[in-house]
Amino acid sequence: MRPPRAARHAWAAALAAAWWLLDAPPSAAQATGTVDVGVSSVRYDGFLPSGAASVSPALRWERPTGTLTARGTYLRFESGHRSLQGLIAGSFLIRPAGHRWGGEVGGSVGASRYLDFASFWHATADARLHLLGADRGAWIGATAGRTAYGAGARPVTSAGVGAWAQRSQVMLSASATRSFVGDSAYSDFLATALTHRGAVTLDASLGARVASRGGGHGVFGEASATLALGERTLLFLAGGRYPTDPVSGSVAGRYVSGGVRLRLARPARLASRTSLPSASRPPHDGDPVPSARLGVVPQPDGAVRLVLHVAGAAASVELAGDFTDWQPWPLRRSGDGMWETVLPIPSGLHRLNVRIDGGAWIVPAGLSRAADDFGDDVGILAVP
Amino acid sequence: MTLLLAATLVALQAATQGPDPRLQRLDSISRPIVTALVDSARAAALPTEPLVQRALEGTTKRATPDRIVAAVRRLALDLGHARDALGPTASPTELVAAAAALRAGAPPATLTELRRIRRESLTVPLAVLTDLVGSGVPVDSAAAAVLSLAAQARDADLVEFRRAVERDIALGAPPASATAAAAAFAAAAVQVNAGARQQRPGPP
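Same order as they appear, the protein sequences are chains A and B.
Under the numbering used here, the letters of the first sequence match residues 1 to 384, in that order.
Under the numbering used here, the letters of the second sequence match residues 385 to 588, in that order.
Excised from the complex, chain A in its bound form (with noise of 0.2 Å):
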């Protein structure tokens, strides 16, 4: 059976967004793994309370100017039922150059399955326009896509309007949306509240969902802890009412759950090119030789790869810091213009110049600079 052209339009989506994120050499990105193995008592409106536990293993890919997830749970109820969930979700941020908005587009594409007769799947997109500030913000956004209960597609739009704020450590929420589902229809006002101490996460919200039909009404409200026990567990401990989401198909519930979160491995960077400033800076207005650019590329065992393009004829290229002991280092020629070495440099803030044929010692294009104490400029490579 061939799947609905939304949903295929969904996957596509899902698929071009991961080779967005896995295709990013020039920009930090970093891929992380994690495991939640909990157990929770959950009792679904008009059923009695039933205790379940649940795997749920996640990927995250992150890149500064989005992310794409990859998320699945495996329930098991005490009667024995068990429960699938699937979800892919993403989004994607873009920002005009020196404006305070910027707008952002995602999707989701998530499906699940309880017995042999319950599945639904749903594949979504939005879109959204910010209004940033410094500490504040504001967004209008809607969201467009198909969900099926079995065979039969209905569609799914919604409208939305946000605002955010951060107050010292803690960051404040509230949004209200109308949404349509096939038949149904409903609003949603919802208020979030998120901080950190220490190694401790609080979240909470609180929300109302009114002029429904179909969608169920009244209050609900959440709030979640975690706790951070070193770098890769994390304990969790979460409760409350959440109302029915026809989209995905999960029904109104009350809830408590506990368990942890394992980390599969530290986050690791797909590619990435870690030096600091940007290797592609333009030169200044200042600067001496712009004819020289730096390009610092990390090596998977932990080296550094400094690439250095030279305008014109050189004999011999040579760069000095404190990586070197500040004993002159010969790059090798390895192009047209290009020379390059490979050298051991450890995480931290490191300051080097070049010289081009046994002349001055001078700053590359590509690093930031600094006045060097001795009359003359450095230049500064941060490696993270």
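For the record, the hints were derived by calculation from the structure and aren't laboratory data.
Incomplete in silico selection of chain B near chain A, CB under 7 Å:
no., residue
1, Lys445
2, Thr507
3, Asp515
Partial selection, computed: residues in chain A whose CB lies under 7 Å from chain B:
no., residue
4, Arg100
5, Asp325
6, Phe374
Cβ atoms here follow ideal geometry from the backbone N, Cα and C, with glycine treated the same way.
Since chain A is already given, all that's left is putting chain B on it; use the hints.
Coordinates of chain B only, in the frame set by chain A:
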């Protein structure tokens, strides 16, 4: 008692280490003074490697002995001020980055505040702060932007923020405006996009 023991251990370590052999590359005038400055820094539990490197840098650049000594002495002072601002738990790389930030004009209170709000290493935030000031961003604006991001932003977010400022300045935006706009966007990237970024514990 603990302090006395630590001071004794540092003194013993200094006595047994002897002068750094790399300082043999210095001229005969600056070498004994630099060696004394390095020993003093070691006794004060400050990192000595940056001081040795600063002296070697001066030698490679054929600086005069006076300039080499002045540069090492100034760096030792900066490292001391950096530790005062960041506290005794600061790592050597953080102290080096903080010394550079102070030299660029960052107020010590900004460094102390950074230490208070950020659990992770301060090396990259301090490098970003120093670099912004070096790019012409007023210190107050640069400090406000870095402080607004440092609590939750990852190092990669801060690097991206720095790139955004750099790009806007290259396109003609005033440095302070470029910094404010990029900081707002970076904050949004960290905080607004929470739906996909975070895995909140929730209902089963």
